[in-house]
Amino acid sequence: MDLREIWVYLSGSPLFSLILTLVAYQVGVFAHQSMGRSPLVNPVAIAVLLTAGVLLAIDMPYAQYFEGAQFIHFLLGTATVALAVPIAQGWHLLKGRFAELGLALIMGGVVSVVSSVGLASLFGLPLELVTPMLAKSVTAPIAMGISESMGISPTLTAVYAVSTGVIGAITATHLLNALGMKDWTARGFAVGVAAHGIGTSRAFAVHPDAGAFSSVGMGLHGVLGALLLPLVGPWVVKFLAT
Amino acid sequence: MLKGLIILMLYQGAGEIVARALSSPVPGPVIGLILLLVSLLWRQKTDPDLQVVASSLTAHLGLLFVPAAVGVVSFLPLLKGHMLSIGIVLLVSVLLAMATTALVLKRRSVTKPAE
Numbered sequence: 001m002d003l004r005e006i007w008v009y010l011s012g013s014p015l016f017s018l019i020l021t022l023v024a025y026q027v028g029v030f031a032h033q034s035m036g037r038s039p040l041v042n043p044v045a046i047a048v049l050l051t052a053g054v055l056l057a058i059d060m061p062y063a064q065y066f067e068g069a070q071f072i073h074f075l076l077g078t079a080t081v082a083l084a085v086p087i088a089q090g091w092h093l094l095k096g097r098f099a100e101l102g103l104a105l106i107m108g109g110v111v112s113v114v115s116s117v118g119l120a121s122l123f124g125l126p127l128e129l130v131t132p133m134l135a136k137s138v139t140a141p142i143a144m145g146i147s148e149s150m151g152i153s154p155t156l157t158a159v160y161a162v163s164t165g166v167i168g169a170i171t172a173t174h175l176l177n178a179l180g181m182k183d184w185t186a187r188g189f190a191v192g193v194a195a196h197g198i199g200t201s202r203a204f205a206v207h208p209d210a211g212a213f214s215s216v217g218m219g220l221h222g223v224l225g226a227l228l229l230p231l232v233g234p235w236v237v238k239f240l241a242t
Numbered sequence: 243m244l245k246g247l248i249i250l251m252l253y254q255g256a257g258e259i260v261a262r263a264l265s266s267p268v269p270g271p272v273i274g275l276i277l278l279l280v281s282l283l284w285r286q287k288t289d290p291d292l293q294v295v296a297s298s299l300t301a302h303l304g305l306l307f308v309p310a311a312v313g314v315v316s317f318l319p320l321l322k323g324h325m326l327s328i329g330i331v332l333l334v335s336v337l338l339a340m341a342t343t344a345l346v347l348k349r350r351s352v353t354k355p356a357e
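So the sequences go chain by chain: A and B.
Each residue of the first sequence is one higher than the one before, counting from 1 in the working numbering.
Each residue of the second sequence is one higher than the one before, counting from 243 in the working numbering.
These are calculated hints, taken from the structure and not from any lab test.
Be aware that a few hints might be false.
[Claimed, not checked] Okay, the calculated bits of chain B under chain A, using three or more residues with CB under 8 Å as the criterion:
{"no.": "1", "region": "244 to 253"}
{"no.": "2", "region": "259 to 273"}
{"no.": "3", "region": "307 to 316"}
{"no.": "4", "region": "329 to 341"}
[Said to hold, decoys possible] Heads up, simulated SDA-like pairs for lysine to any residue below, C-alpha to C-alpha not over 25 Å straight-line:
{"no.": "5", "chain 1": "A", "residue 1": "Lys-95", "chain 2": "B", "residue 2": "Lys-287"}
{"no.": "6", "chain 1": "A", "residue 1": "Lys-95", "chain 2": "A", "residue 2": "Lys-182"}
{"no.": "7", "chain 1": "B", "residue 1": "Lys-322", "chain 2": "A", "residue 2": "Ala-63"}
{"no.": "8", "chain 1": "A", "residue 1": "Lys-182", "chain 2": "B", "residue 2": "Leu-345"}
{"no.": "9", "chain 1": "B", "residue 1": "Lys-322", "chain 2": "A", "residue 2": "His-207"}
{"no.": "10", "chain 1": "A", "residue 1": "Lys-182", "chain 2": "A", "residue 2": "Gly-151"}
{"no.": "11", "chain 1": "B", "residue 1": "Lys-287", "chain 2": "B", "residue 2": "Ser-297"}
{"no.": "12", "chain 1": "A", "residue 1": "Lys-95", "chain 2": "B", "residue 2": "Lys-322"}
{"no.": "13", "chain 1": "B", "residue 1": "Lys-322", "chain 2": "A", "residue 2": "Ser-115"}
{"no.": "14", "chain 1": "B", "residue 1": "Lys-245", "chain 2": "B", "residue 2": "Leu-264"}
[Stated by the list, open to error] Distance windows between CB atoms, simulated:
{"no.": "15", "chain 1": "A", "residue 1": "Leu-3", "chain 2": "B", "residue 2": "Gly-329", "range": "40 to 46 Å"}
{"no.": "16", "chain 1": "A", "residue 1": "Leu-93", "chain 2": "B", "residue 2": "His-324", "range": "19 to 25 Å"}
{"no.": "17", "chain 1": "B", "residue 1": "Met-243", "chain 2": "A", "residue 2": "Leu-240", "range": "29 to 35 Å"}
{"no.": "18", "chain 1": "B", "residue 1": "Ala-263", "chain 2": "A", "residue 2": "Ile-19", "range": "15 to 21 Å"}
{"no.": "19", "chain 1": "A", "residue 1": "Met-35", "chain 2": "B", "residue 2": "Ile-330", "range": "42 to 48 Å"}
{"no.": "20", "chain 1": "A", "residue 1": "Gly-118", "chain 2": "B", "residue 2": "Pro-290", "range": "42 to 48 Å"}
{"no.": "21", "chain 1": "B", "residue 1": "Ala-263", "chain 2": "A", "residue 2": "Leu-56", "range": "26 to 32 Å"}
{"no.": "22", "chain 1": "B", "residue 1": "Ser-297", "chain 2": "A", "residue 2": "Ile-19", "range": "23 to 29 Å"}
{"no.": "23", "chain 1": "A", "residue 1": "Asp-183", "chain 2": "B", "residue 2": "Gly-329", "range": "29 to 35 Å"}
{"no.": "24", "chain 1": "A", "residue 1": "Leu-93", "chain 2": "B", "residue 2": "Ala-256", "range": "23 to 29 Å"}
Everything numeric in this text was worked out from a predicted model, so none of it was measured.
C-beta: ideal position from N, C-alpha, C; glycine also.
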């Protein structure tokens, strides 16, 4: 039996990438749970680092990996549609608060875009590293779609979005305490707007009301971002390029 | 399980069709999200099967962007030397965005008379 031949067959089949991705994520989830769900141990970050590490170690080109992993990737669109369910369920919480939540969402979204793009260009980052910042506070599946439609790297957008979520989940409790925020709904909403999905799972771990408002904040930011960023984005890119 | 998945994919498909027909810059799945949201709010209840599929998908949302994020390996040469700046930008930006959102809500609830 020739092991090499078996390896050549396996590495060319989608099965290898699928197993690698699922196992890496499971390891991440396990580590997260065994560390008392600490925001410092993020399952997605662990899964990405592990998978990337294996690819580099066995010298497998990313395109070959993605050929198999695309089956997981495809479900992103379906999962985006599924976000309608938590928004619909949180809808009654929003009644009578549309004005203040809408204003907070827009302000948060604008600050996120302006501060990241502004600071990144101030630091002299190359343009292709600045533009994925535009959508980074939007939940990753939507952010990638937005970036792709503007010709910006969806990969870097996903990496920025995941990092943003992780940083937001780690810092949220300290920041919101320092600001003297006592209302769980307001705390949750702020986390969802700034740190989307990863922030939301952190919010759910802290308080159910915070979690519910966080998922609504994330969902609304996703929709608003998808509607407005394609209009504003190209203008910003053009401005930066000159 | 199956029914929920079919509902989601039909809305996703409808979103893609609308996006293409209008050559909309808004991604198809987001249009699908909006269409599904409207129908859920209209009918005032969620199919239990859809509920099951939607919560399992959103619970493991993180898994779904692993394949794309792993693409960072092909950007390593470009990212080299910029990691620290990117980290600072992301940190400052997320803190500012969160603080802004929170403070707008705090201000509004302070100025609003107590209910």
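Hints violated by the structure (numbers, ascending) | 9, 10, 12, 14, 16, 17, 18, 19 and 21
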